[in-house]
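Chemist: Dock chain B against the given chain A, drawing on the hints supplied.
2 protein chains.
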Amino acid sequence: MDPSLKLRIAVDAMGGDFAPVNEVAGSLAALRETNNAFEVLLVGKEQELREQLQKAHAEGLSCSIVPATEVITMEDSPTAALKQKKDSSLAVGIRLHQEGKADAFVSAGNTGAVLSATTLILGRIKGVSRPTIGTFLPAEGGLCLLVDAGTNVDCRPRQLFEFAIMGSIYYSLVTKKERPTVALLNVGEEKGKGTEVVIEAFKMLEASNLNFVGNVEGRDILKKKADVVVCDGFVGNIILKFGESIPGFLKGRLTRFADEGIIRKLIVGLAKGSLKNALKDFDPNVEGGVPVLGANGISIIGHGSSTPTGIKNMILRGVEVAQFQLHKHIEKALSASLSIEQTELSATAGEYKGE
Amino acid sequence: MDPSLKLRIAVDAMGGDFAPVNEVAGSLAALRETNNAFEVLLVGKEQELREQLQKAHAEGLSCSIVPATEVITMEDSPTAALKQKKDSSLAVGIRLHQEGKADAFVSAGNTGAVLSATTLILGRIKGVSRPTIGTFLPAEGGLCLLVDAGTNVDCRPRQLFEFAIMGSIYYSLVTKKERPTVALLNVGEEKGKGTEVVIEAFKMLEASNLNFVGNVEGRDILKKKADVVVCDGFVGNIILKFGESIPGFLKGRLTRFADEGIIRKLIVGLAKGSLKNALKDFDPNVEGGVPVLGANGISIIGHGSSTPTGIKNMILRGVEVAQFQLHKHIEKALSASLSIEQTELSATAGEYKGE
Numbered sequence: 000m001d002p003s004l005k006l007r008i009a010v011d012a013m014g015g016d017f018a019p020v021n022e023v024a025g026s027l028a029a030l031r032e033t034n035n036a037f038e039v040l041l042v043g044k045e046q047e048l049r050e051q052l053q054k055a056h057a058e059g060l061s062c063s064i065v066p067a068t069e070v071i072t073m074e075d076s077p078t079a080a081l082k083q084k085k086d087s088s089l090a091v092g093i094r095l096h097q098e099g100k101a102d103a104f105v106s107a108g109n110t111g112a113v114l115s116a117t118t119l120i121l122g123r124i125k126g127v128s129r130p131t132i133g134t135f136l137p138a139e140g141g142l143c144l145l146v147d148a149g150t151n152v153d154c155r156p157r158q159l160f161e162f163a164i165m166g167s168i169y170y171s172l173v174t175k176k177e178r179p180t181v182a183l184l185n186v187g188e189e190k191g192k193g194t195e196v197v198i199e200a201f202k203m204l205e206a207s208n209l210n211f212v213g214n215v216e217g218r219d220i221l222k223k224k225a226d227v228v229v230c231d232g233f234v235g236n237i238i239l240k241f242g243e244s245i246p247g248f249l250k251g252r253l254t255r256f257a258d259e260g261i262i263r264k265l266i267v268g269l270a271k272g273s274l275k276n277a278l279k280d281f282d283p284n285v286e287g288g289v290p291v292l293g294a295n296g297i298s299i300i301g302h303g304s305s306t307p308t309g310i311k312n313m314i315l316r317g318v319e320v321a322q323f324q325l326h327k328h329i330e331k332a333l334s335a336s337l338s339i340e341q342t343e344l345s346a347t348a349g350e351y352k353g354e
Numbered sequence: 000m001d002p003s004l005k006l007r008i009a010v011d012a013m014g015g016d017f018a019p020v021n022e023v024a025g026s027l028a029a030l031r032e033t034n035n036a037f038e039v040l041l042v043g044k045e046q047e048l049r050e051q052l053q054k055a056h057a058e059g060l061s062c063s064i065v066p067a068t069e070v071i072t073m074e075d076s077p078t079a080a081l082k083q084k085k086d087s088s089l090a091v092g093i094r095l096h097q098e099g100k101a102d103a104f105v106s107a108g109n110t111g112a113v114l115s116a117t118t119l120i121l122g123r124i125k126g127v128s129r130p131t132i133g134t135f136l137p138a139e140g141g142l143c144l145l146v147d148a149g150t151n152v153d154c155r156p157r158q159l160f161e162f163a164i165m166g167s168i169y170y171s172l173v174t175k176k177e178r179p180t181v182a183l184l185n186v187g188e189e190k191g192k193g194t195e196v197v198i199e200a201f202k203m204l205e206a207s208n209l210n211f212v213g214n215v216e217g218r219d220i221l222k223k224k225a226d227v228v229v230c231d232g233f234v235g236n237i238i239l240k241f242g243e244s245i246p247g248f249l250k251g252r253l254t255r256f257a258d259e260g261i262i263r264k265l266i267v268g269l270a271k272g273s274l275k276n277a278l279k280d281f282d283p284n285v286e287g288g289v290p291v292l293g294a295n296g297i298s299i300i301g302h303g304s305s306t307p308t309g310i311k312n313m314i315l316r317g318v319e320v321a322q323f324q325l326h327k328h329i330e331k332a333l334s335a336s337l338s339i340e341q342t343e344l345s346a347t348a349g350e351y352k353g354e
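Protein sequences appear in the order of chains A and B.
In case it helps, numbering that gives the first Met the number 0 puts the first sequence at residues 0 to 354.
In case it helps, numbering that gives the first Met the number 0 puts the second sequence at residues 0 to 354.
It should be emphasised that the hints constitute simulated quantities derived from the structure, not laboratory data.
Take the hints with a grain of salt, since some may be wrong.
A pair holds if it fits inside one copy or across any two, identical chains being indistinguishable in the list.
Claimed, not checked - In silico BS3-like cross-links for lysine-lysine, where the CA-CA straight-line distance does not exceed 30 Å: (1) K192 with K85; (2) K85 with K224; (3) K5 with K327; (4) K240 with K192; (5) K5 with K224.
Next up, chain A with everything else stripped away, as it sits in the complex (with noise of 0.2 Å):
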C-alpha cells in the first residue's frame, strides 16, 4: 500500500435493510466529513446507484460504482447464496479487496454471507483457527469488547485464546489503551471455575504475554472488570440477545404500572425519556461495523438497519482498520505466539479430552 495514495474503501451498496439508500447516503456523508480524505467504491446496481449519486448531489466526492448485477437477501442462506449468486455485491466487492483493487470492504447486509465470503476469499491468517467477531458494550466507565459476538459456537480452548490476542488488539486499535485488561467469561472468579474446555483456555491465557486478569463473571460484564471478555459464540450471542431484549421489556414493565393512575403515566412519560437518553450509546450505528477478526484483509460487518450515520461510521471504522493494517498486527501476534508456545500449546491441546 502506497501511502501517498488515498484508501480505497469498497461498499457493499446494496448489502443493508435500506440498501442501496442509506449505503449512498452514509457513503458521501463520510467523504463529506473526512473532505474526501479517501476513496469510495460503490458495489452493486449500475443503475439504481447512478440515480442515488445523482439525487444526492455527489459531484465533487471521491467516489464512483463498480458495477454488480446481482444482491444477496437477509433471507439467503449464506453458503448456497455464494455459489448461485457470483456477480453479488458482496462477492464483488471482497474480490475487489481481495485482487488489491481496494484496501478494505464494508457491508451492512447479510452477516452469516459477509462472515463465509470473507473467509472463503480472504482465507484466514496463519494460526487462526477460525475468525471471530466482537462486539463493543458501552460499559460504566469505558467500552467492553465481547469477543466471540455470536461467530462459532463450539469452540476448543486454542479458539479463545486466540479470540482474546485477535480482541486485544482491535482494542487497542480502538480505544488507543495499550496492553487492555482480557478476562474470561465464566460462572466464578476462582482458577478452576467452569467447563473443560475454559478451564484449558485459563492455563493458555495464562502462560500469555496479554494482560490476562483471570475469570469475570456475568454481572461483571457491565461492571467492565476487564477491557476485553472472551467467551464462545454460544454464550456471547445469548448474552447479547438476552441485552438488547431489555429496553424493550422495561419499557413494557413502566407502561404497565404507569396504567395505574394519570401521575404514575406522567412519571412513566419522564422516566422512559431519560431511559433513552442514558442509553443512547447502545444504538449499534454509534459503532458502525465490527472487523472480522482473523480474516486476511479487512472486511467490515455492520448492522443490517444501519441508518445513513451507521453507515458512515462503518465506512469510517475501515479506514482506521486499513490505515492501522489490522490483520498485519494480528498475523504478526499469532506467530509470536505460536512460536514461544508451541511446545506448550501442543501438550495442552492433547490433554484436551473434546480433541
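Modeler: Showing chain B alone in chain A's frame:
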C-alpha cells in the same frame, strides 16, 4: 406420609447471611400466616435459637428446636465442610428428612454445600444424571423457568433432556399450568442451530412427550416465548448474573444523566422510583427458594441474603413441594420416558462425540 399428620419442615436455622435472626422470624411468620398448618423444626445452635424464640414471642406456634453444634459458612468449600463439620445444621437437617423425621428440608445457606449434601445424603432419583436447580424469571405475561440456573456447567444432551422433564413438572406445580411449553435456549430458532450438545438435545426433546416448542433465543426469555427454558448451567449462571447487574447499571447511567442539571435530576429521581416499582417482583425474596430437582427427597435452596419474608416464602415453598411430593412425580416421568425411549436414547448417546 400420613395425610392426617402435620407436615414437618426442617429449617437450616444457621444457614443464611442473617441467620439465625431471619430464619427464626421467617419460620414464625410462616406459622402465623398459615395458622400452624405445619410444624417447623429449627435446626441449629440450641441456646441461640432458644433466645431468638423467646425474643420473638413464639408461644403457641408449632415450632421446635433440633440441636446441631456446627455451622457451614458461605466461605466454606462445600465438600470439605461436609466432611469436617459432621454436626452442621445443614447435615443434621437433611438427615432428619432422610430418616423420615421431617417431610422437607429448607436452607438459605451455602448453595454449593446444600446441593452437595442433598445429593450425598438424599441421593438421586433413578434416571437422573445430575440434580439441578431452576430459577423463575418474571417475564412478560408470566413466569419463565430457566433451568439449569448454574448447577451443572458441562452438560451432555441427556442432562438437558432431564432438565426439561424436571423443569416442566416443577413449573406445573408452581403455576398450575398443565403441559407447560418447553424450549431449548439457542443461538437461532431453526432446528440444527447451536452446539453439538444442543443439537442432540433437540432431537431427544422432539421425540419426547413434553410440550416442546423448539429453540428460543436470548431475546425470547423475557418475552416468554416458552414457560420452561432449558440450558446448561454455564449459560444459565452467566445470563442470570448478567441480568442481575442491569438494574445497578441503569441506576448508574441515570445518575450520570442526572448530573447535567436540576430538572434532569428531578426527572431521574422519579424515573428511578418508577423503575424500582416496575421491577419489584425481581426480588428473590418473592420466590423464596427453589427445590433441588432430581434429588430423592425435598430440599429447598433459598438466597443467602433472604429477608424474613424470603425465609417465610422458602418454607411455604417447602410445604407446597412436600404436599405435592415433587420427587415422586419426577421419578414417574423419568421412568416412563426411560422405558419409552430406551432404545432411541442409547443410540443417540453413542452418536454424541463428547461421551
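Chemist: Confirm or reject each hint.
Modeler: Results of checking the hints against the structure:
1. K192 with K85: Between copies only: 26 Å across chains, 47 Å inside a chain, cut-off 30 Å.
2. K85 with K224: Answer is neither: 45 Å inside a copy and 38 Å across each miss the 30 Å cutoff.
3. K5 with K327: within (19 Å within a copy, 74 Å between copies)
4. K240 with K192: both (25 Å within a copy, 15 Å between copies)
5. K5 with K224: This pair counts as neither: shortest intra-copy Cα distance 39 Å, inter-copy 51 Å.
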